Each structure stands twice: as C-alpha cells, then as structure tokens.
Amino acid sequence: MARRLDCRLDGDGDVEILRVAGIQHAQSGDLTFVANARYLPQLASTRASAVILGGANGSVAPGCAVLRTDDPYSAFARAVSLFAPAAAPRPGIDPHALVAADASVAPDASIGPFVTIGSRAMVGARTIIYPNVAIGPEARIGEDCVIRSQVSIRERVVVGNRVTLHDGVVVGSDGFGFARQKDGTHLKIPQIADVVIEDDVEIGANSTIDRPAVGETRVGAGTKIDNLVHVAHGVAVGRRVLLAAQVGIAGSTTVEDDVMMAGQTGVTGHVRVGKGAIIGAKSAVLQSVDDGAFVTGHPAIPHNAWRKASMLFRRLPAFRKRVDAVEQRLAEIEEKLAAWQRSRTDR
Amino acid sequence: MARRLDCRLDGDGDVEILRVAGIQHAQSGDLTFVANARYLPQLASTRASAVILGGANGSVAPGCAVLRTDDPYSAFARAVSLFAPAAAPRPGIDPHALVAADASVAPDASIGPFVTIGSRAMVGARTIIYPNVAIGPEARIGEDCVIRSQVSIRERVVVGNRVTLHDGVVVGSDGFGFARQKDGTHLKIPQIADVVIEDDVEIGANSTIDRPAVGETRVGAGTKIDNLVHVAHGVAVGRRVLLAAQVGIAGSTTVEDDVMMAGQTGVTGHVRVGKGAIIGAKSAVLQSVDDGAFVTGHPAIPHNAWRKASMLFRRLPAFRKRVDAVEQRLAEIEEKLAAWQRSRTDR
Amino acid sequence: MARRLDCRLDGDGDVEILRVAGIQHAQSGDLTFVANARYLPQLASTRASAVILGGANGSVAPGCAVLRTDDPYSAFARAVSLFAPAAAPRPGIDPHALVAADASVAPDASIGPFVTIGSRAMVGARTIIYPNVAIGPEARIGEDCVIRSQVSIRERVVVGNRVTLHDGVVVGSDGFGFARQKDGTHLKIPQIADVVIEDDVEIGANSTIDRPAVGETRVGAGTKIDNLVHVAHGVAVGRRVLLAAQVGIAGSTTVEDDVMMAGQTGVTGHVRVGKGAIIGAKSAVLQSVDDGAFVTGHPAIPHNAWRKASMLFRRLPAFRKRVDAVEQRLAEIEEKLAAWQRSRTDR
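Residue numbers (numbering that gives the first Met the number 0), protein chains in the order written: chain A, 0 to 346; chain B, 0 to 346; chain C, 0 to 346.
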C-alpha cells in the first residue's frame with residue numbers, strides 16, 4: 000500500500016488495513032492521516048493501525064505504522080479511492096426514461112428512470128445520468144460525466160468530459176437581465192446565448208449557472224464549485240478555480256485561472272478577479288482584484304490590512320474614550336496656557 | 000430594424016444583421032450595443048456591422064452603422080427578442096404526466112412528462128410546464144406561465160398570469176416557525192396559510208418562497224427575483240421589486256413597491272423596507288428603511304455614510320498610530336508644563 | 000378551546016372560533032395572538048373574536064375574549080394545529096414509482112409517482128414520500144417521515160424517525176474535498192462515508208447536507224434547519240440546534256446542542272461552536288465560540304462589543320475630524336510653547 004500511495008513506510012508493513020478513517024474515529028485495522036497540524040496531538044491516542052504523515056512531521060513517532068510523504072492529503076485521497084465502493088448503475092437506457100427519437104445517447108451511457116432527454120441532445124460514452132434529470136433540446140454532454148438526480152441542463156448547454164454535476168444543479172437558466180422602463184416595469188431581455196462547462200469540472204448540489212442574452216457563460220477546465228453557488232449570466236470562470244459554498248458572482252465578471260474564493264463571498268458584475276487571487280470568506284469584491292492578490296472584507300481590501308483593521312474595529316469604543324480623554328487634556332492645557340498668558344499680559 | 004427598435008439610424012441602412020452579440024465577441028453581420036460607458040473604448044475596434052448607442056454618446060462615431068436611442072438597453076432587449084428562437088413545447092398533456100382526474104388543465108396548456116398535478120389544481124391557457132414539475136392539490140396557476148423543470152409548487156399556492164418560475168424553484172414550502180418549549184425542544188407551528196405570486200413575476204433557479212402559519216406570503220406584480228433567493232413566511236414583497244441573487248428576507252417583513260436589493264443582502268424579520276428603497280450589495284438590514292433611502296453595510300446605514308466609513312476602516316491602523324502619537328505629544332507637553340509650574344513655584 | 004391550548008379564559012367563552020389569523024388580517028370568528036410586544040398596539044383595533052395573550056400583558060384588556068397563558072407562541076402553535084387540514088396522501092406505492100425489488104417499504108408508507116427507491120433501501124412505517132423524490136441504494140429512512148418533492152437522498156444515507164425534508168433538499172452529496180497537486184489541478188478525495196439525520200429533524204427547501212470522505216456528517220435529534228442552508232462534509236450538528244436560512248457551515252466543524260444561528264451566517268471549518276451559543280445575523284465565525292456565548296460580526300466578536308463598535312463605525316468620518324482637530328490644536332500649543340521657551344532662553 001505504501002507503494003500505491005507513493006509513501007515511505009516506517010514500522011510494521013504486515014499490518015492489515017481494512018478501512019480509511021478520520022483520526023478521531025479510527026480503530027484497529029484503519030488507516031488514518033494527519034495533514035492539518037492541529038490534529039497532531041491526537042496521534043498519541045489514536046487506535047489506528049497506520050497513519051499517513053507529512054514530511055514536516057518527521058520527528059513524530061506514533062505507536063503505529065507510519066506512511067511518510069511530502070503530500071499527506073493527496074496520499075489520503077488515493078487511499079480513500081482504494082477502498083471506495085464501485086457502485087455505478089449499469090449501462091443502457093432505463094425503460095422509464097424518455098429520450099427524444101433524434102437525440103444521440105452513447106450505447107454504454109447509463110440513463111436512469113424518469114430522465115428526459117430533448118430533441119437533438121447528445122450524451123457521450125460512459126456518462127451516467129441518475130433518476131429525474133431533465134436535459135433540454137440540443138444540450139451536449141461529453142464522456143465519463145456523472146449527472147446526479149434532480150439536475151436540470153437546459154437547452155443548448157454544452158458540458159465537457161469527466162464533469163460531475165451534483166443533485167439539483169441547474170445549468171443554463173435565464174440570467175437576471177431586465178431593462179427598466181419609464182413606467183417602472185422591467186422589460187425582459189431574452190437570455191438565449193451559450194453556456195459551456197469545460198472538462199473535469201465538478202459542481203456542488205443546488206448550484207446554478209445562468210445563461211446570458213449574448214456571448215456566453217463559461218466554467219473553465221478543472222474548476223471545482225461547491226454547493227449553492229450562483230454564477231450569473233456572461234461570467235467567465237477560468238481553469239482550476241475553486242469556489243466554496245454559497246459564493247455568488249454577478250453578471251459579466253471574469254474570474255481568471257487558479258482563483259480561490261472562500262465561502263459566502265460575492266463578486267460584483269463587470270469586474271476581473273486576477274489569476275491566482277484568493278478571496279477570504281464572506282467578502283464583497285466590489286472592484287477588480289490584481290493577479291495573485293489576497294483580499295478580504297466588505298468591501299474586500301488586502302487581507303492583512305483587513306485583518307489589522309478588524310482587530311481595531313472591536314476596540315473602537317476604547318478608541319473613542321482615548322480621543323475623549325485627549326480632547327479633555329487638550330482643553331485643560333489650553334486653559335492653563337490661556338491663564339498663564341493672561342497673567343503674563345497682566346504683569 | 001431601426002423602426003422596430005425605436006432608434007434613429009446613422010450610417011448604412013442596407014447592412015444585413017444576422018445576430019445580436021456582445022461588443023467583445025461581435026463579428027461582421029452582428030448588431031451590438033453599448034449601454035455601460037465602460038465599454039465605449041471597445042467601440043473603436045469592434046467588428047460589428049451595427050451598434051445601438053445611447054443619446055448621451057451622440058458624439059461617438061464608430062466605423063459601423065449606429066442605431067441611436069435614449070434607452071439603448073431596452074432597444075437591445077428588443078433586438079435580442081427579434082432573434083430569439085421560438086421553441087416552446089407543443090400544447091397538450093404528455094402521456095407520461097399524471098394529472099388528477101379532478102384537476103383542470105387548459106386544452107392549450109403544455110404539460111411535460113413526469114409532471115404531477117394534484118387534485119383540484121388548475122393550469123391556465125397557454126401555460127407551459129416542463130418535465131419533472133410537482134404541483135400540489137388545489138394549486139392554481141394562471142395563463143401564459145412558464146414553469147421550468149424540477150419546480151415544486153405546493154398545495155393551494157396561487158400563481159398569476161405570465162409568471163416564469165425557473166428550474167428548481169420551490170413555492171409554498173413550510174415557513175421556519177417553531178415555538179421553543181421549556182425542555183429546549185421546538186414545537187412546530189403548522190405552516191398552512193396562503194402563498195400568492197402575482198402577475199408578471201419571474202423567479203430564478205432554486206429560489207424558495209415559504210408559506211406562513213396564518214395570513215399570507217405575497218410576491219407583487221412585475222417583481223423579478225434572481226437565483227437562490229429566500230423569501231420567508233409571511234413576507235409581503237411589493238410590485239416591480241428587484242431581488243438579486245442569494246438575497247434572504249426573514250419572516251413577516253414588508254418590502255414595498257419598486258425596492259431594489261443587490262446580491263446577498265439579508266433583511267431581518269418584522270421590518271418594512273420603504274417604497275423605492277435601494278439596498279447595497281451584501282447588506283444586513285436590521286431595522287426598517289425609509290421610502291427612497293439607499294442603505295448599505297452590516298448593519299445597513301445610509302450608503303454615503305457607509306462608503307466614507309469603509310474608506311476609513313482600512314486606515315484604522317494608521318489612525319491608531321496618530322492617536323498614539325497624540326497621546327505621546329500630550330504627555331510631553333504636560334510634563335513640560337508641570338516642570339515649568341514647579342520652576343515658577345520654586346521661584 | 001382554552002383547555003386544549005392550556006390557557007385561562009377572560010371574557011366570553013361562547014364565541015365561535017372558525018379560524019386562526021394574524022392580528023392584522025383577523026376578522027370576526029378568528030382567533031389571533033400577540034407574542035411580540037410590537038404588535039400590542041394593534042389589539043385595540045382588531046376584529047378578532049378572541050386573542051391569545053402572554054401573562055406579561057396581564058393588564059391589557061382588548062374588546063374580545065382573551066386566552067391568557069405564559070407561553071402565547073406555543074398556544075398559538077397548538078391553535079393552528081387544531082385548524083390544520085389533514086391532507087396526507089393515501090398509503091401504498093404509486094404504480095408510477097420505481098422501487099427496487101430488494102428494497103423494503105413499510106406497507107403503510109406512501110410512495111408517490113416518479114419516485115425511485117434504490118437497491119436494499121428501507122422506508123419505515125407511515126412515512127410519506129412525495130412525487131419525484133430520488134432515494135439511493137441502501138439509504139434508510141425511518142418512521143413517520145415526510146419527504147417532499149424533488150428531494151434527493153443519496154446512497155447509504157440514514158434518516159431517523161419523524162424527519163421532514165422539504166422540497167429540493169439534498170442529503171449525501173459529495174463534500175468539497177480536493178487535494179491540490181503540484182501542477183495546480185485538484186485531485187478529488189472520494190466522499191464515500193456516512194450521513195446521519197437523527198429523529199425529529201426538519202430541513203428547509205433546497206438545503207444541502209454533504210457527505211465526507213471518512214467519518215460522518217451528522218444532524219442531531221430535534222434540530223431545525225431553514226431553507227438554502229449548507230452543511231459541509233464531516234460537520235457534526237448537535238441536538239435542538241436552529242439554523243436560519245442561508246447559513247453555511249464548513250467542513251469538520253462541530254456545532255454543539257442548542258446553538259442558534261441567525262440567517263446568512265457562515266462558520267469556518269474545523270472549529271467548535273459551544274453549547275447554547277447564539278450567532279447573530281450574517282456573521283462570519285472564524286474561530287471557536289464558547290458555550291453560551293452570543294457573537295456577531297465579520298469576524299464574529301461578542302455581540303455587545305460588535306453592537307457598540309458598529310455604532311462608532313458610521314461615525315468614523317466625524318472621528319477623523321476630531322483627530323485632525325486634536326493634531327491641529329497640539330501643533331498650535333507646541334508652537335506656542337516653543338516660542339515661550341525661545342523667549343525665556345532669550346531673556
């Protein structure tokens with residue numbers, strides 16, 4: 000196993016591993032891991048039979064077998080994969096699915112019951128579509144995708160290869176585009192343009208990706224999106240981007256490659272978030288962000304500036320007392336000086 | 000086309016327009032538009048065959064035909080409509096839909112496969128219901144509505160005419176109403192009252208509109224709601240309101256006509272947001288807002304005050320240094336004065 | 000009725016009550032209630048035939064029958080229950096549902112049309128499953144549950160007794176777990192471990208509860224979760240917790256019993272929110288919270304400190320002017336002192 004996980008073995012290589020477990024729940028027969036230093040103290044009392052440990056913790060010697068590696072988190076990922084149940088539904092179209100006569104479904108794709116596939120839509124090889132999914136006309140879904148239950152893929156949406164859409168995801172719903180009229184009503188701008196989800200993208204449960212009026216909405220290859228995220232019409236999300244849960248990105252904004260956004264962050268419309276930028280949790284990005292910048296807050300400012308200012312925010316009441324006291328002392332000094340001045344003048 | 004878009008033509012009226020496109024992607028044969036001044040510089044290099052331009056940009060003369068108008072965004076909306084594909088499913092009840100025997104469905108409504116329509120529910124003329132929608136008993140849906148896939152319209156909900164519900168919307172789910180008991184458990188207050196969605200409302204993907212225990216939840220005519228928005232039990236949303244993505248409005252709050260809320264804003268329960276008020280992005284509205292006010296922040300305060308205070312927030316560390324320095328200088332002055340006073344007294 | 004609601008009757012006990020209504024909409028024949036003091040003034044003009052009133056309002060004597068109690072909100076809950084329509088679908092498996100041959104469904108459970116129940120899944124006695132629900136293989140659902148339309152319960156998820164899942168809820172979707180590789184791509188960590196929803200839990204529309212790679216995600220008995228809430232992989236939510244709408248809790252965090260979180264709050268990963276803690280609206284909890292603490296803000300700090308600091312935040316511009324003025328006055332004093340000192344030295 001050490002070889003398959005690309006680790007160096009310290010200790011007993013004959014231990015039998017039956018499961019992968021978190022350090023708190025691990026029992027005899029389990030392989031566990033420590034990638035986050037805050038869990039190191041728990042190593043002393045773990046019942047696990049083996050542990051994956053980072054190189055930086057070279058001096059730590061727990062009472063069980065150790066698999067040492069420079070990248071314990073990736074070794075853990077591979078270990079979990081070794082024990083994952085392989086439970087894909089079998090290929091073929093369930094008799095309770097409705098596939099349009101002119102749609103094209105690969106023979107080894109798996110289409111579950113109560114799925115609808117619209118006219119001229121395409122589903123690629125080995126793609127699995129779980130029950131109750133709705134796929135609109137002319138949508139194109141690539142190979143080796145996993146489309147979970149209750150997903151809606153609207154007309155003409157393009158989905159690449161090896162894409163996972165979790166339960167309840169909506170791709171291609173109308174963008175929020177209205178033109179305000181003189182009488183205060185809102186004229187709908189038809190949202191009829193393209194949505195492209197590139198290869199190796201994963202989108203979390205109940206997230207929504209909107210369609211624009213013109214141009215396209217695009218999610219770049221290798222990007223991972225968490226649950227309940229909103230990507231508005233005309234947004235361009237780059238490659239290998241991470242968007243944590245409940246992030247929202249407003250219309251026509253560009254998010255460059257390798258950006259990371261923490262949970263509940265919002266980005267305004269028509270701005271650019273530069274390559275590799277990091278956005279702290281619950282931030283409101285109200286203007287463009289430079290490549291590689293790390294910003295946080297509402298509005299988002301450089302993270303260190305935000306952190307320092309936040310520490311002082313809670314001390315504003317103490318601060319005010321200091322300014323009150325300073326003004327009081329100043330007034331006393333001024334009075335004293337005025338008195339002196341008068342006494343001098345009197346002299 | 001200039002006539003149909005209510006524009007004045009400048010330049011070659013013989014150009015053939017095949018498509019509407021954003022200014023960055025426009026090619027020969029495309030009509031584009033500039034409603035946002037920040038995109039004006041791109042006009043010089045556009046390949047579009049024609050552009051819709053606002054009256055304020057009267058002096059701009061790009062190298063293509065120009066359609067001038069006071070309201071370029073609305074002209075753009077109409078132009079997109081001219082080119083929109085008309086792809087409505089055909090009228091009638093799909094044989095794979097389940098309509099209760101005592102439900103009433105207009106003969107020219109279109110009911111997709113795997114749709115359920117409960118007892119005594121009603122669906123009006125020309126309304127389109129896409130696959131996998133669940134409509135509860137006694138729900139009433141008006142004419143010319145579009146109900147997208149995966150929507151749930153619960154029992155007794157009333158939906159007006161020309162309403163669009165995007166994929167995954169839930170209308171009529173139970174409000175979050177519990178009475179805390181002495182033992183710390185939460186007694187459910189049955190949420191059984193009414194939900195009304197008035198005419199011309201549009202609700203974005205995966206948004207949720209809750210039902211109250213008593214009274215009603217109401218969304219007024221012409222209101223537009225974006226994706227992943229939460230409208231709690233007993234909320235009254237007025238007419239022509241705009242709620243951007245991920246907004247949340249807590250129970251029993253009133254949002255008056257023509258209010259606009261930017262994305263990720265939250266409004267507490269039992270307050271009133273006055274007519275025409277604007278709420279800035281990601282705000283927390285913790286008390287009532289006056290008619291026409293523009294507020295932002297957490298808690299929301301007048302927008303200009305918030306903007307100025309936010310600029311100073313990031314300068315709090317510099318501010319602290321100034322107060323430190325002031326105290327230091329004060330101490331020095333006080334010491335000097337004390338020394339003088341002593342020397343005077345000594346004299 | 001006074002007896003059934005555990006109230007003391009003041010006034011006419013012969014009034015016939017036909018309905019329960021909010022104080023603003025109540026008509027003759029209606030029972031209404033006042034639990035929130037801000038609605039007390041409306042009592043004078045109510046048309047209700049009876050009102051439930053708290054003991055603290057003993058001196059209030061409206062012009063209708065009064066039901067006095069120490070807990071008016073609970074009495075109201077019971078009153079609504081008395082008038083709630085009992086409209087459960089009838090027991091049995093709809094012929095348009097698809098139940099795996101080796102699944103186990105109690106004979107008095109009710110399974111709606113277009114529901115799929117996977118291999119070896121179990122559904123307990125009297126549980127109601129509404130149309131279009133997808134239940135994965137080996138999922139176990141207890142007795143007396145209500146599972147609304149469009150819900151997805153993924154493979155191996157365990158749901159206790161008397162659990163309500165509202166429309167569009169997803170339980171058991173993959174957690175957002177990836178290991179960043181040297182080339183910048185994200186290696187998926189298979190999310191294959193357990194999710195447990197204990198007894199008497201209610202989860203609001205379109206909320207999502209993720210599955211972890213190892214260990215479990217757990218929602219404790221009696222906990223109530225509002226709409227569009229995100230509970231990440233490996234989170235432990237205690238008993239009788241209240242999570243209001245659009246709350247998000249990041250991976251591996253522990254939320255102890257009796258915690259209350261107001262709407263749109265976010266909690267970072269790997270922290271502990273102590274027993275009985277209260278988190279104010281739209282807060283960002285970035286570190287562990289003590290038992291019984293009340294925190295608010297971004298980052299969350301003790302609520303009173305946040306409230307005071309927030310009041311001063313908006314006065315930062317005035318504050319700056321004060322510091323400007325103080326520096327100006329200091330400079331004048333220093334100049335005057337220097338002049339004096341020079342004149343002294345000159346003397």
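Hints listed in this document are in silico derivations from the structure and should not be mistaken for laboratory results. Since the structure is predicted, the reported quantities are computational estimates derived from the model, not experimental observations. Incorrect hints may appear among the rest.
Which copy is meant is left open, because identical chains are indistinguishable; a pair holds if it fits in one copy or across any two.
What the hints assert, rightly or not - Lysine-lysine pairs mimicking DSS-like chemistry, simulated, CA-CA at most 27 Å apart:
1. 320 x 181
2. 335 x 187
3. 307 x 320
4. 320 x 335
5. 307 x 274
6. 274 x 320
7. 187 x 307
8. 187 x 274
9. 307 x 181
10. 335 x 274
11. 320 x 187
12. 274 x 181
13. 307 x 335
14. 181 x 335
message: Which constraints among the numbered hints does this structure fail? Numbers only, ascending.
response: 1, 2, 6, 7, 9, 10, 11, 13 and 14
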